[in-house]
Amino acid sequence: DVKVTQSSRYLVKRTGEKVFLECVQDMDHENMFWYRQDPGLGLRLIYFSYDVKMKEKGDIPEGYSVSREKKERFSLILESASTNQTSMYLCGSLTGGGGTDTQYFGPGTRLTVL
Amino acid sequence: DAKTTQPPSMDCAEGRAANLPCNHSTISGNEYVYWYRQIHSQGPQYIIHGLKNNETNEMASLIITEDRKSSTLILPHATLRDTAVYYCIVRVALYSGGGADGLTFGKGTHLIIQP
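Here the protein sequences come in this chain order: A and B.
Count along the first sequence from 1, add 4, and you get the number used in my numbering.
Count along the second sequence from 1, add 966, and you get the number used in my numbering.
Simulated from the structure, these hints should not be mistaken for laboratory data.
A couple of the hints might just be wrong.
Quick list of the computed label-pair ranges, beta carbon to beta carbon [unchecked claim]:
| # | chain 1 | residue 1 | chain 2 | residue 2 | range |
| --- | --- | --- | --- | --- | --- |
| 1 | A | Pro-111 | B | Ser-975 | 41 to 49 Å |
| 2 | A | Val-16 | B | Thr-1022 | 39 to 47 Å |
| 3 | A | Ser-84 | B | Asn-1020 | 45 to 53 Å |
| 4 | A | Met-92 | B | Met-1025 | 38 to 46 Å |
| 5 | B | Thr-1031 | A | Leu-45 | 48 to 56 Å |
Ideal placement from N, C-alpha and C gives every residue a C-beta, glycine not left out.
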């Protein structure tokens, strides 16, 4: 089974702090992603990575950056956390073939910015 | 514009079949229909996908209308553990030229299984 792990389930940070959220997948997938999930808004894509050192902005990249130095690891960085970045953050990896693909998600990190 | 339309919530009695509808009237010929679900406090989980034929796996069945403008996810014998938000997504697979901008999840249907 594919396993996606996230560095923390719950995190509390203060406004202005630099925050790192890490995501690791164990299935050698090339593609990884980060979403945030807020009540009433569904899942919104923040960043996507096609391969090591490759990244593509999603729907809401403002205020975030990412790092993919190794294939299995995709980090989301909040350079200066703000209260409007309080949210559930979901990461994962994607693989496919034959015309379709499948996304595998981690358990999520609930971040609170005070 | 949303590519799919789902009812915000549905109830179903335990042991009965749960039928979750999804409208995707603007679907293109090379777009697949995917279903995921998210149980409370967990990440989304893949359920099933299809192009134009009906599909079945150990979790569910997917019925796609002949014109492909709508589909129904069927959980044949719903249990309390099937209470979750169910997402219907329509897109071109990444490996078939679909972009990351297709990786959009809407608000889904909150399915509540009643004992």
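Structure-inconsistent hints, enumerated in ascending order | 1, 4 and 5
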